[in-house]
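Those letters in the sequence shown? Residues 248 to 445, by our numbering.
Heads up, a few of these hints could be off.
[Claimed, not checked] For each label pair, taking beta carbons as the anchor points, the in silico distance ranges come out as:
#1 Glu276 x Gly428: 41 to 49 Å
#2 Gln348 x Val404: 19 to 27 Å
#3 Asn383 x Met267: 45 to 53 Å
#4 Ile399 x Thr287: 28 to 36 Å
#5 Arg334 x Ser407: 38 to 46 Å
#6 Pro418 x Ala266: 26 to 34 Å
No wet-lab data here; the hints were simulated from the structure. Here a beta-carbon is modelled for each residue, glycine too, at the ideal position from N, C-alpha and C.
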Amino acid sequence: MDSPKVVLHCIPLESFASAMQYDVLPIYENPASLSPMGTTAWNRRLNLNGVLTFGPQEPCASYTQLYRNGTLEAIQGRILAHEHENRMVIPSVAYEQYTLQYLPRCFRLLEEIGATAPVVVALALLKTTGLYMGVNNLWGDSGYPIDSDSLILPEIVVESLTTPANQVLKPLFDFVWNACGFPSSSNFDADGNWVARR
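Kindly produce the complete structure, drawing on both the sequences and the hints.
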């Protein structure tokens with residue numbers, strides 16, 4: 248889809264340290280753990296790089312690619328931007344929730360194929376120029392539009408595949424809120440727990 252996108256990568260460091268190649272055929276045969284982000288119906292196929300799952304509609308709104316070296320790439324092109332009060336906004340609760348729910352699935356899939364930590368987690372938002380953060384108007388601060396076409400956020404190195412998703416993703420979500428003029432995501436409490444404030 249030609250739309251703003253959430254891009255999530257999980258890259259085991261051992262993928263860089265060796266010519267590691269994982270057997271992806273069991274995932275192709277039982278692909279439930281590789282379903283794309285934010286979809287309920289999807290297709291799958293083998294390709295040169297590994298196994299690909301993708302949404303059934305045309306054009307495709309979401310896919311996840313498992314590479315033979317253990318790298319996971321998940322793209323979601325339907326959840327990032329919606330029109331509200333005559334401007335395009337990031338649905339702050341929904342996009343964070345989708346990503347928070349999907350990351351543990353990525354970690355479980357890496358364990359399933361035999362990959363181990365440390366793992367680099369990278370989050371990017373594409374086609375973001377002009378997007379505002381969707382916030383409750385009662386706050387009285389609507390922030391600013393993003394002035395960059397892409398938000399390529401700093402990578403996080405995760406030392407354990409049991410690390411909670413909120414611990415990994417909160418700093419990255421905060422950067423997105425910074426790009427919209429806010430100090431941090433309003434969806435976390437003081438202890439870093441996701442609470443989805445509205």
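The hints, checked one at a time:
At about 48 Å, the CB distance of Glu276 to Gly428 agrees with the hint of 41 to 49 Å. Taken as a hint, the range 19 to 27 Å holds for the pair Gln348 and Val404, whose Cβ atoms sit roughly 22 Å apart. Checking the proposed 45 to 53 Å range against Asn383 and Met267 shows it holds: the Cβ atoms sit about 46 Å from each other. The hinted range of 28 to 36 Å is satisfied by Ile399 and Thr287, whose Cβ atoms lie roughly 29 Å apart.
Between Arg334 and Ser407 the Cβ separation comes to about 40 Å, which falls inside the hinted range of 38 to 46 Å. In this structure, Pro418 and Ala266 meet the distance hint of 26 to 34 Å, their C-beta atoms being roughly 32 Å apart.
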